[in-house]
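Visitor: Below are the chains, spelled out letter by letter.
Number of protein chains: 2
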Amino acid sequence: MMQSAGCRTLRLVQLPCATLRATRRARSTRSVSTRALQNSRRPLSNSVSRSFSTQPSRCYAASKEVKFTVDNYPNVKRDARFSQLTREDVDHFKGILSSPSSVVYAEDDASELEGFNTDWVRKYRGKSQLVLKPKTVEEVSEILKYCSKRNLAVVPQGGNTGLVGGSVPVFDEIVVSLSSMNSIRSFDEVSGVLVCDAGVILESADSYLRERNHIFPLDLGAKGSCHVGGNVSTNAGGLRLLRYGSLHGTVLGVEAVLPDGTILNDLQTLRKNNTGFDLKQVFIGSEGTIGIITGISILCPRRSNAVHTAYFGLTSFSQVKKAFIKAKRDLGEILSAFELMDGLTQDLYHTATKKPYPLDSRYPFHILIETSGSNADHDMAKLEAFLEQVMGEEIVADGTLAQDKSQAEELWKWREGLPEACAHWGGTYKYDVSVPLNEFYTLVEDCRKRFEEAGLVGGTTNESKPVVGVVGWGHMGDSNLHLNVPVRWYDKQVEKLLEPWVYEWIQKRKGSISAEHGLGFAKRDYVQYSRDATALEIMRRVKKTFDPQGIMNPYKYIPMDA
Amino acid sequence: MMQSAGCRTLRLVQLPCATLRATRRARSTRSVSTRALQNSRRPLSNSVSRSFSTQPSRCYAASKEVKFTVDNYPNVKRDARFSQLTREDVDHFKGILSSPSSVVYAEDDASELEGFNTDWVRKYRGKSQLVLKPKTVEEVSEILKYCSKRNLAVVPQGGNTGLVGGSVPVFDEIVVSLSSMNSIRSFDEVSGVLVCDAGVILESADSYLRERNHIFPLDLGAKGSCHVGGNVSTNAGGLRLLRYGSLHGTVLGVEAVLPDGTILNDLQTLRKNNTGFDLKQVFIGSEGTIGIITGISILCPRRSNAVHTAYFGLTSFSQVKKAFIKAKRDLGEILSAFELMDGLTQDLYHTATKKPYPLDSRYPFHILIETSGSNADHDMAKLEAFLEQVMGEEIVADGTLAQDKSQAEELWKWREGLPEACAHWGGTYKYDVSVPLNEFYTLVEDCRKRFEEAGLVGGTTNESKPVVGVVGWGHMGDSNLHLNVPVRWYDKQVEKLLEPWVYEWIQKRKGSISAEHGLGFAKRDYVQYSRDATALEIMRRVKKTFDPQGIMNPYKYIPMDA
Numbered sequence: 001m002m003q004s005a006g007c008r009t010l011r012l013v014q015l016p017c018a019t020l021r022a023t024r025r026a027r028s029t030r031s032v033s034t035r036a037l038q039n040s041r042r043p044l045s046n047s048v049s050r051s052f053s054t055q056p057s058r059c060y061a062a063s064k065e066v067k068f069t070v071d072n073y074p075n076v077k078r079d080a081r082f083s084q085l086t087r088e089d090v091d092h093f094k095g096i097l098s099s100p101s102s103v104v105y106a107e108d109d110a111s112e113l114e115g116f117n118t119d120w121v122r123k124y125r126g127k128s129q130l131v132l133k134p135k136t137v138e139e140v141s142e143i144l145k146y147c148s149k150r151n152l153a154v155v156p157q158g159g160n161t162g163l164v165g166g167s168v169p170v171f172d173e174i175v176v177s178l179s180s181m182n183s184i185r186s187f188d189e190v191s192g193v194l195v196c197d198a199g200v201i202l203e204s205a206d207s208y209l210r211e212r213n214h215i216f217p218l219d220l221g222a223k224g225s226c227h228v229g230g231n232v233s234t235n236a237g238g239l240r241l242l243r244y245g246s247l248h249g250t251v252l253g254v255e256a257v258l259p260d261g262t263i264l265n266d267l268q269t270l271r272k273n274n275t276g277f278d279l280k281q282v283f284i285g286s287e288g289t290i291g292i293i294t295g296i297s298i299l300c301p302r303r304s305n306a307v308h309t310a311y312f313g314l315t316s317f318s319q320v321k322k323a324f325i326k327a328k329r330d331l332g333e334i335l336s337a338f339e340l341m342d343g344l345t346q347d348l349y350h351t352a353t354k355k356p357y358p359l360d361s362r363y364p365f366h367i368l369i370e371t372s373g374s375n376a377d378h379d380m381a382k383l384e385a386f387l388e389q390v391m392g393e394e395i396v397a398d399g400t401l402a403q404d405k406s407q408a409e410e411l412w413k414w415r416e417g418l419p420e421a422c423a424h425w426g427g428t429y430k431y432d433v434s435v436p437l438n439e440f441y442t443l444v445e446d447c448r449k450r451f452e453e454a455g456l457v458g459g460t461t462n463e464s465k466p467v468v469g470v471v472g473w474g475h476m477g478d479s480n481l482h483l484n485v486p487v488r489w490y491d492k493q494v495e496k497l498l499e500p501w502v503y504e505w506i507q508k509r510k511g512s513i514s515a516e517h518g519l520g521f522a523k524r525d526y527v528q529y530s531r532d533a534t535a536l537e538i539m540r541r542v543k544k545t546f547d548p549q550g551i552m553n554p555y556k557y558i559p560m561d562a
Numbered sequence: 001m002m003q004s005a006g007c008r009t010l011r012l013v014q015l016p017c018a019t020l021r022a023t024r025r026a027r028s029t030r031s032v033s034t035r036a037l038q039n040s041r042r043p044l045s046n047s048v049s050r051s052f053s054t055q056p057s058r059c060y061a062a063s064k065e066v067k068f069t070v071d072n073y074p075n076v077k078r079d080a081r082f083s084q085l086t087r088e089d090v091d092h093f094k095g096i097l098s099s100p101s102s103v104v105y106a107e108d109d110a111s112e113l114e115g116f117n118t119d120w121v122r123k124y125r126g127k128s129q130l131v132l133k134p135k136t137v138e139e140v141s142e143i144l145k146y147c148s149k150r151n152l153a154v155v156p157q158g159g160n161t162g163l164v165g166g167s168v169p170v171f172d173e174i175v176v177s178l179s180s181m182n183s184i185r186s187f188d189e190v191s192g193v194l195v196c197d198a199g200v201i202l203e204s205a206d207s208y209l210r211e212r213n214h215i216f217p218l219d220l221g222a223k224g225s226c227h228v229g230g231n232v233s234t235n236a237g238g239l240r241l242l243r244y245g246s247l248h249g250t251v252l253g254v255e256a257v258l259p260d261g262t263i264l265n266d267l268q269t270l271r272k273n274n275t276g277f278d279l280k281q282v283f284i285g286s287e288g289t290i291g292i293i294t295g296i297s298i299l300c301p302r303r304s305n306a307v308h309t310a311y312f313g314l315t316s317f318s319q320v321k322k323a324f325i326k327a328k329r330d331l332g333e334i335l336s337a338f339e340l341m342d343g344l345t346q347d348l349y350h351t352a353t354k355k356p357y358p359l360d361s362r363y364p365f366h367i368l369i370e371t372s373g374s375n376a377d378h379d380m381a382k383l384e385a386f387l388e389q390v391m392g393e394e395i396v397a398d399g400t401l402a403q404d405k406s407q408a409e410e411l412w413k414w415r416e417g418l419p420e421a422c423a424h425w426g427g428t429y430k431y432d433v434s435v436p437l438n439e440f441y442t443l444v445e446d447c448r449k450r451f452e453e454a455g456l457v458g459g460t461t462n463e464s465k466p467v468v469g470v471v472g473w474g475h476m477g478d479s480n481l482h483l484n485v486p487v488r489w490y491d492k493q494v495e496k497l498l499e500p501w502v503y504e505w506i507q508k509r510k511g512s513i514s515a516e517h518g519l520g521f522a523k524r525d526y527v528q529y530s531r532d533a534t535a536l537e538i539m540r541r542v543k544k545t546f547d548p549q550g551i552m553n554p555y556k557y558i559p560m561d562a
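Each protein sequence line maps, in turn, to chains R and G. Heads up: the first sequence is residues 1 to 562, going by the UniProt record's numbering. Heads up: the second sequence is residues 1 to 562, going by the UniProt record's numbering.
Read the hints as simulated data drawn from the structure, not as lab findings. You may find that some hints are simply not true.
Pairs involving identical chains hold if they fit within one copy or between any two copies, as the list cannot separate such chains.
[Unchecked claim] The calculated SDA-like cross-link candidates involving lysine to any residue, where the alpha carbons are at most 25 Å apart (straight line), are:
1. Lys322 <-> Asp347
2. Lys510 <-> Ser186
3. Lys492 <-> Asn75
4. Lys543 <-> Leu267
5. Lys354 <-> Lys405
6. Lys326 <-> Ser111
7. Lys322 <-> Phe338
8. Lys405 <-> Val195
9. Lys321 <-> Asp491
10. Lys321 <-> Asn213
11. Lys321 <-> Val195
12. Lys508 <-> Thr262
Here chain R stands alone, though its shape is the one from the complex (with noise of 0.2 Å):
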């Protein structure tokens, strides 16, 4: 099918042994290998810098034990306003609770609790005594009802999936799990309206979608357990948005407990109605800092009949950004992902898989490129239209068309393997940023600079030098770009490099700090970098008008004190 253009011919990939695309999102491939132990001179620790996120790695860390958040951030002190929970209290919420699974109390099984202390990457670790696993709207507005009158601190939960311990607790906040809250309640195959309970899991509700030839306007690599209430206090960003928007334009509504107990049933599932403020949308990102969202409506796409996927190699950025003009206008509406990866990253991910390169050659700059639409033939035309252009005028400089599912699977891993990748000499220290196009990829450029007139990189092969590689990937279309710098050991060098000069760059772009992680405990202090004191004075205000007793999710998201 394909045409080939000028002097260059385009491949078709030929890769070995494709695995299913859905397994590379599984939380199970996210070890790190035995390799990353070895060759790490000080072992992953928790205590290294606040911004710093290990490899999400269940397996690996499992064997040590996680370090109390208290413990590494001794400066962060309990807030001695909220009250000290009691058997009394424990037994009040046996009684409001209709199953007695729902109450875990540390002092009746200490081993449960300890999944819901500590959050996923294995940094922050809570000294709840009491998780709560109400099953409906009213439970959860009887628990905060009593919480407020005892002036009990609260942390809500989802599938505790983020990565800046914003799920879990500081001190010993009652963790209020929406797990028991997991179902779907109403699907319109006309309106593509879906209104579920918040504890839903993100993979559970694509897939009751796509029976229905919908799917979740949202993809992100923790589907299988995250909830899609978490998604949306989070403002969940991920793989669709490029195609979708956000969650601010496609949520329709919410149902939420304020934390005095007031259950607030927005669950509108209009695609219009301006009928005074928006409320959900403040909730749309709070990080459950000022109630809980117990359920949502939102508006879901068709599926697509035809999701296409090419792999380029480009020679410069300036390309990269000629490639991204032309895929957004000869593309169009079919355009679903411009995913960026520099060739560093590529190289990493082929010496630490050992699998070929899929072009033959190594390129400064790789894309992936996807189309999803509804007519094969039409979108497959409109790729190699593309292609032939891009190639003609040598914006890029080779490409390859993955010809199926596995093929189009193989090429994604050359994308999204690539936090395991750069965790394979060690660790990394990661950012999750936004950056105007424009300078997309310079903070990888100086960044890189600054670390080599340091002496600090040895690349894949002197072990003697902390630092492997400076690289950079991300979803080029949204602006969203994750700065990563893979290590071989922890060091106080590197780390007086990074910050706070990496915020203060993103600072002088009007760049945002976190992109699509959101703040949680990890950026809390880091935030001012990104809105300025205005803004935080206002969010303040929205923060007490909500929650004028500071019980939601304490220690977190903004600083509370100007």
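Assemble the complex: chain R is given as a structure, and chain G must be docked to it using the hints.
Guide: Same frame as chain R, now just chain G:
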């Protein structure tokens, strides 16, 4: 290009005298014909009902003086907490605004004030003595700082094209017009992000973008006059929402001035930014009640290379629903409009304009479908395939595809000319509502039955009856129905049959009493039909958080007393 399907043939439209589509949306086309005046037993008045909107008709109503809102609604009292404007206040404003023309004071020039005091539908008229036209955000800040100190009430005003009396004073509030803040600040062709002043006229922004191969993600009838800041502050819906989503998804940032003069500079240009509460969302749709939007940043889609328009006849609403599902499936990503018009609307348009019907027969339902895509051949092929399907399965009874731009414009008139056609007999009772698709048209049927049973319907010929008919049309793709009751004269019997019946009907279906027009002054006291007491109480808290003195756009939006 078209293939016949079954026993039906598809005709190409041959419509005479095609006029430019731009014209059909211009304000000048909205005048009520002389015949409408002659047939009107009781002249259009402003006192009939708070929910009644006269058909926009500057040239008709210009001959009549608009009654003051306070005379029409004597129960609404001026809030005694607000100060009275003094000559010293005016002198102060003259001192802080850079240009003498920025201050329009009644004692200097009363005539210019009239246009700012009277709303576009000439139903509401305030008694403001002062209009301020700041040129910068700093001037807006100085104005509000002073008003706040002096407790002077303020009405922000954009293009003053609203339909619910939200943009004009009720009493003596100071009008702050954004008309002198009308510059494009920046546009990035790679990301498609436009940053501009709030006072930029929507059509100007769209023209600017079209020259750069993009479009504004919003389009509506008043585009020639309305301001983008007003669009954002009223969360305008319009014609492109089906395709590009709501402003909550496309607006990336706002610059706004709070009632105390604080400038919130939240003009983000990033698609992803999860750093605290998304404050701009509170401003979108707040209708000037919490501050003044002075600038916006917005994500603009690329202009489509190809636009196709088709018009169909269908025999029942259940067939319409089937066609909608098929359109979503087969046209998918290129579907940009799915507009419903019932048969009677087409009769009214036919009678009022004497134009021949687009199809051989008039059907109980007609739909207008528009596609916008990047490849004309592909889009046409999709449309043809869709047509063969829906005609083969007898979902649609007949259809026609426009062959060029002027034919498309002629077809669009059968949808966009309906407000004018309804007003042809005198006036129209209008409701802009959202209804779940399952019962989308039932409201019209139920309402029609009600009037027929009451013996009030005279059709287009029986001049002894007030009601011409009960008709419905709307943006079906967005569940947005326009219920219209064209009448020969305004009649208390008609009003009593309509209200509160329509609102109660909507409330039972969890619809919205204001899909896209907002609340303003007209619907403040009806909002409880769409939002419950809890939501309203939270809204009051939000209002007080941003505007503790209540000086911003008082007497409107939501009732501040429970």
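Visitor: Compare the structure with each hint and give your call.
Guide: Verification of the hints:
1. With identical chains, the CA atoms of lysine 322 and aspartate 347 are at most 25 Å apart within one copy only, with a shortest distance of 24 Å there and 51 Å across copies.
2. Taking CA atoms no more than 25 Å apart as the test, lysine 510 paired with serine 186 passes between copies only; the shortest distance there is 14 Å, against 41 Å inside one copy.
3. For the homomeric pair lysine 492 and asparagine 75, the shortest alpha-carbon distance inside one copy (20 Å) is at most 25 Å, but the shortest distance between copies (71 Å) is not.
4. Within a single copy, lysine 543 and leucine 267 get their C-alpha atoms as close as 22 Å, and across copies as close as 21 Å, so both meet the 25 Å cut-off.
5. For the identical chains of this complex, lysine 354 and lysine 405 are intra-copy neighbours only, at 22 Å inside a copy versus 56 Å across copies, given an alpha-carbon limit of 25 Å.
6. For the homomeric pair lysine 326 and serine 111, neither the shortest alpha-carbon distance inside one copy (55 Å) nor that between copies (53 Å) is at most 25 Å.
7. In this homomeric assembly, lysine 322 and phenylalanine 338 come within 25 Å of each other (Cα to Cα) only inside a single copy, at 12 Å, whereas the closest approach across copies is 34 Å.
8. For a Cα distance limit of 25 Å, the shortest separation of lysine 405 from valine 195 qualifies neither inside one copy, at 31 Å, nor across copies, at 40 Å.
9. Taking the shortest Cα distances, lysine 321 and aspartate 491 never come within 25 Å of each other, neither inside one copy (35 Å) nor across copies (63 Å).
10. Within a single copy, lysine 321 and asparagine 213 get their C-alpha atoms only as close as 34 Å, which misses the 25 Å cut-off; across copies the closest is 16 Å, which meets it.
11. In this assembly of identical chains, the alpha carbons of lysine 321 and valine 195 lie at most 25 Å apart only when taken from different copies (21 Å versus 39 Å within one copy).
12. Proximity of lysine 508 to threonine 262 under the C-alpha cut-off of 25 Å is restricted to the inter-copy arrangement: shortest distance 23 Å between copies versus 42 Å within a copy.
Hints 6, 8, 9, counting from the list given before, are not met by this structure.
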